[in-house]
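Student: The chain contents come next:
4 protein chains.
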Amino acid sequence: MKRFKTFVFQVLDEEDDAGHPLNKPVGLGIMALIALSVIAVIFESDQYLSDTFHRWFYAFEVFAVTIFTLEYLGRAWTADLKFKDLSRWQAIRRFVFSPLALIDLLAIAPFYLELALMAYGAQKILDTRFLRVLRLMRLLRLFKLNRYNQSLRLIVKVVRDEREKMVVTLFMVGILLVLSSALMFTAEHDVQPDKFPNIYTSLWWSIATITTVGYGDVYPITPGGKILAGMIALLGIGLVALPTGILASSFVNYLKDPGSQKEQEEKKEEEKPPLDFCPYCGKKLPH
Amino acid sequence: MKRFKTFVFQVLDEEDDAGHPLNKPVGLGIMALIALSVIAVIFESDQYLSDTFHRWFYAFEVFAVTIFTLEYLGRAWTADLKFKDLSRWQAIRRFVFSPLALIDLLAIAPFYLELALMAYGAQKILDTRFLRVLRLMRLLRLFKLNRYNQSLRLIVKVVRDEREKMVVTLFMVGILLVLSSALMFTAEHDVQPDKFPNIYTSLWWSIATITTVGYGDVYPITPGGKILAGMIALLGIGLVALPTGILASSFVNYLKDPGSQKEQEEKKEEEKPPLDFCPYCGKKLPH
Amino acid sequence: MKRFKTFVFQVLDEEDDAGHPLNKPVGLGIMALIALSVIAVIFESDQYLSDTFHRWFYAFEVFAVTIFTLEYLGRAWTADLKFKDLSRWQAIRRFVFSPLALIDLLAIAPFYLELALMAYGAQKILDTRFLRVLRLMRLLRLFKLNRYNQSLRLIVKVVRDEREKMVVTLFMVGILLVLSSALMFTAEHDVQPDKFPNIYTSLWWSIATITTVGYGDVYPITPGGKILAGMIALLGIGLVALPTGILASSFVNYLKDPGSQKEQEEKKEEEKPPLDFCPYCGKKLPH
Amino acid sequence: MKRFKTFVFQVLDEEDDAGHPLNKPVGLGIMALIALSVIAVIFESDQYLSDTFHRWFYAFEVFAVTIFTLEYLGRAWTADLKFKDLSRWQAIRRFVFSPLALIDLLAIAPFYLELALMAYGAQKILDTRFLRVLRLMRLLRLFKLNRYNQSLRLIVKVVRDEREKMVVTLFMVGILLVLSSALMFTAEHDVQPDKFPNIYTSLWWSIATITTVGYGDVYPITPGGKILAGMIALLGIGLVALPTGILASSFVNYLKDPGSQKEQEEKKEEEKPPLDFCPYCGKKLPH
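Chains as they are written, first to last, in this note's numbering: chain A, 1 to 287; chain B, 288 to 574; chain C, 575 to 861; chain D, 862 to 1148.
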């Protein structure tokens, strides 16, 4: 039993790169299943395909959920091999509440929830939009891929380091959005009451303009509104430049850091200060 | 009385982080009131909500203005505790004319102005667009949040350092806008006289194109106009890249500065000067 | 006479900052005249304003051209004071063919050309679009402002340093434009022959997409066309990121250079190598 | 014969800059022929021009393919002069499978394929869209220009160095696209079933929004859909900022490298190692 447990751990644990020969194939297999499962959700959203291939979609879903459930249970079971310094239950608890495990749970929970609701005769609820949302939650499986990609974690790390500045930028964008909506409401409400009925509806125009998407469903038609819109669009360019500048500087910094750390370590080795006194004759040595 | 004054100061002064236990809650409370007050303005802009909940909006506004007025008076009263080396009146004067206090004043002034106008029977003026603008001025309360955010001040500082380059970029964008409007006017006026009636109306097309918003309400239809528009759009991309590059370099520089200063200080310590005296004959050595 | 010439030179020469008390006012006056003159051209493009205020526009134009002509002649006359090591005619020649002087000439030439054409009875030509273009050429006066702005020259310098990379980026954008036009032509021609009649007309769609302007007058409607358009739009984002990255790195580099040059100069002073032999006892000195 | 082979090699080899006087003209000639050939394809796509000038287009195509074929054969023949340490056939093999030679082959293959298909009486196939695609493949000749531009190779190199991060960014964009399509499908399907019929069709909206192109053919109209769209557009701005930041940091790094290497070499020279022997007693010193 213990050997089987070790086998399961070595096969499933994605950080065990050099280990078991089955480790990599199983990882790739799960990634492929995630991808296929997401593609299935995408195509099942089409009414025609959903009706025609209903059985196939359902069978594949049962298969995918079975595998993901086994994976989840296997990881939970071998959690004490991963966190060796914790007791059995502490290890499982730590695993269950880790972000990646929560994502794993979210990836299978909708299926069981649907099953449970059907078992309790809640068929009526399932015919509504609620079912659709439940089915789309399967797309969260995409985040399971996080586990297998190191570069992704790297970028996430860089972005997270600049989190605070990003939030402040978002906050400034928020202020600009509110003020520009209020200004455009003042300028355009009388002429286009259907497009700018109030400030919060005008936000739709503001966000389409500041992100430079510009669908063209709402735009100012009065001279004053156009002048305001022009200035807001130019300001928006500046605000969009902010996150780019912040991220760029963070990447520059990140690229420099490892080098400088290495340099510092090399320096430390060199810093072994040269002798001050000759160990043989005892005289002070010049440097 | 003096103890109460100190209490008010410690509670209100946002730089007194480690001080009074009420300092932080009061700060958060004022921030929440600002947010609620802005949300109220946004929803009051809706004719239906404004009519239905008129009393509630008014009551909340009176409450918010009361708090903001007390805050303003409290800060003014305790100004001599903040600027300790100034006399009482000098401290109040310095507070009143500080940017943050002016914003605080702007946040409450519209309410009192409206009150004053109503008292003098100027009801007629208040029924017009003037009232709407006055009410929207309450949105300036958003800038009161400045006081509570250090990261915001940081970004503002970086942007301000690059102010001059930004202005020059804006100036270049301005020239590009005018020239492209003139060119498009020449190319399209004869075919679309309603869209490009003159150069200053054509500016609307230019700004929608150069900021890449592209609503689609105005666009060239002649081959010549399209070729010009394509070149202008490409040039616009370059001009939009300028502020991004400038901000990015500024952030990089800002991140590097502390490090480089430290390095220079370390270097100075290593700059162990060459020998001053010959270790053999003991005479002073020239350099 | 010579004193008057020196006076004209000191008043007009924009590099003579600390000199004559009239130097700055005259510079500001010319800048204001340029701005007013450009604004006049912009408003004269409006048929109504042009008809109503015809006399005023003409009078102002005569005034502006008179001033600009006097300025040009003054600069030419005092060219030998600017280029002191050249003979009189060499100095004038060098001035006349300098870029800034050519811009100055372009700013006044259209007026005299129009006058000359009218004198020779070519009234007929002047009623056509040719006249409009001639009038718009007055907008080139904007570039006269170059003379008075140092920061602008700085940015122009940075952009010029990255010229080669910019051209290559433009070249890559060009290839992407041609290929995407050809692809969209293949995908959409059969369904929308009026929107994608041939490759060069499809370029209009390509440029609106890659610059992310997206007017919405032309867009793919077939599934294949939409997939292609999606990939092209994503690639376009990458290509737009290139000039931004290049400019950002150039600004970073520029900000670092002055510092590093200074450092190098300081190093040179330090590099005065310490003595190798004691000048008194002749023994080799340790370092 | 051998002298003729050397002559061909010196004339064709683009890395032989300082060599044969005909080298540069021939290179420029081939580049001009590529450009003309691409322009011909672009204009031939116009039905009218294609019908009217059919003979001219065909004649020019035969001429261009002849030159490109001779160039290809010449390069293959002289491959053993380029790769001097390889045998004749090894050199040819290495040339044929080099990326640039494959592009050269792709540039002429469509013509011969069309010829072969016509010879075998497959005229029927040639009347279809297949012919059009075959003809457009001639546009791949644009990539032949790679050979003649060093700066292009530089930028390609920088982009390639950041390949992995770019792929991860693209992957994140992909996840965002899928999730936002699913969300918009949920929010808008009931109201606009023709615009958001299923998730994969909703991708068209997602990509137009995240790249900020915003044609305006599809956009949300429900409040929920607009709120989602706003948040997605803002997130899209962030994701677009990522490649810019990555490229900018890479260019910064690239610009810095040469300098820092030089610095390191200078440092090495300064790293005059501490004394090896005591200058007083002459014994070897330990470090």
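Bear in mind the hints are in silico, worked out from the structure with no lab data behind them.
Misleading hints may appear alongside valid ones.
[Claimed, not checked] Subject to a maximum C-alpha distance of 25 angstroms in a straight line, what follows is the list of computed DSS-like cross-link-like pairs (lysine-lysine): (1) D:Lys1087 x A:Lys195; (2) C:Lys800 x D:Lys1056; (3) A:Lys226 x B:Lys513; (4) A:Lys226 x D:Lys1087; (5) D:Lys1056 x C:Lys769; (6) B:Lys289 x B:Lys311; (7) C:Lys800 x D:Lys1087; (8) B:Lys513 x B:Lys444; (9) C:Lys800 x B:Lys482; (10) A:Lys195 x D:Lys1056; (11) B:Lys482 x A:Lys195; (12) B:Lys513 x C:Lys769; (13) B:Lys513 x C:Lys800.
Student: Against this structure, judge whether each hint is valid.
Tutor: Hint by hint, here is what the structure shows:
1. Only pairs whose Cα atoms come within 25 angstroms are accepted, and Lys1087 of chain D paired with Lys195 of chain A is accepted, the gap being roughly 14 angstroms.
2. The hinted pair formed by Lys800 of chain C and Lys1056 of chain D meets the criterion: a straight-line CA distance of about 14 angstroms does not exceed 25 angstroms.
3. Restraint check for Lys226 of chain A and Lys513 of chain B: satisfied, since their Cα atoms lie roughly 23 angstroms apart, inside the 25 angstroms limit.
4. The suggested pairing of Lys226 of chain A with Lys1087 of chain D holds, with an alpha-carbon distance near 23 angstroms, which does not exceed 25 angstroms.
5. Distance restraint check for Lys1056 of chain D and Lys769 of chain C: the Cα-Cα separation of roughly 21 angstroms lies within the 25 angstroms cut-off, and the hinted pair is therefore satisfied.
6. Straight-line distance between C-alpha atoms of Lys289 of chain B and Lys311 of chain B comes to about 22 angstroms, which keeps the hinted pair within the 25 angstroms bound.
7. Under the criterion of a C-alpha separation no larger than 25 angstroms, the hint pairing Lys800 of chain C with Lys1087 of chain D is consistent with the structure, at around 23 angstroms.
8. For the proposed pair Lys513 of chain B and Lys444 of chain B, the alpha carbon gap of about 41 angstroms is over 25 angstroms, so the pair is violated.
9. Between Lys800 of chain C and Lys482 of chain B the CA atoms are separated by roughly 30 angstroms; this puts the pair beyond 25 angstroms, and the hint is violated.
10. The suggested pairing of Lys195 of chain A with Lys1056 of chain D holds, with an alpha-carbon distance near 21 angstroms, which does not exceed 25 angstroms.
11. Taking the CA atoms of Lys482 of chain B and Lys195 of chain A, the gap is near 21 angstroms; set against the 25 angstroms cutoff, the hint holds.
12. At most 25 angstroms may separate the alpha-carbon atoms for a hinted pair to count; Lys513 of chain B and Lys769 of chain C meet this at roughly 14 angstroms.
13. Between the alpha carbons of Lys513 of chain B and Lys800 of chain C the distance comes to roughly 23 angstroms, so the proposed pair stays at or under 25 angstroms and holds.
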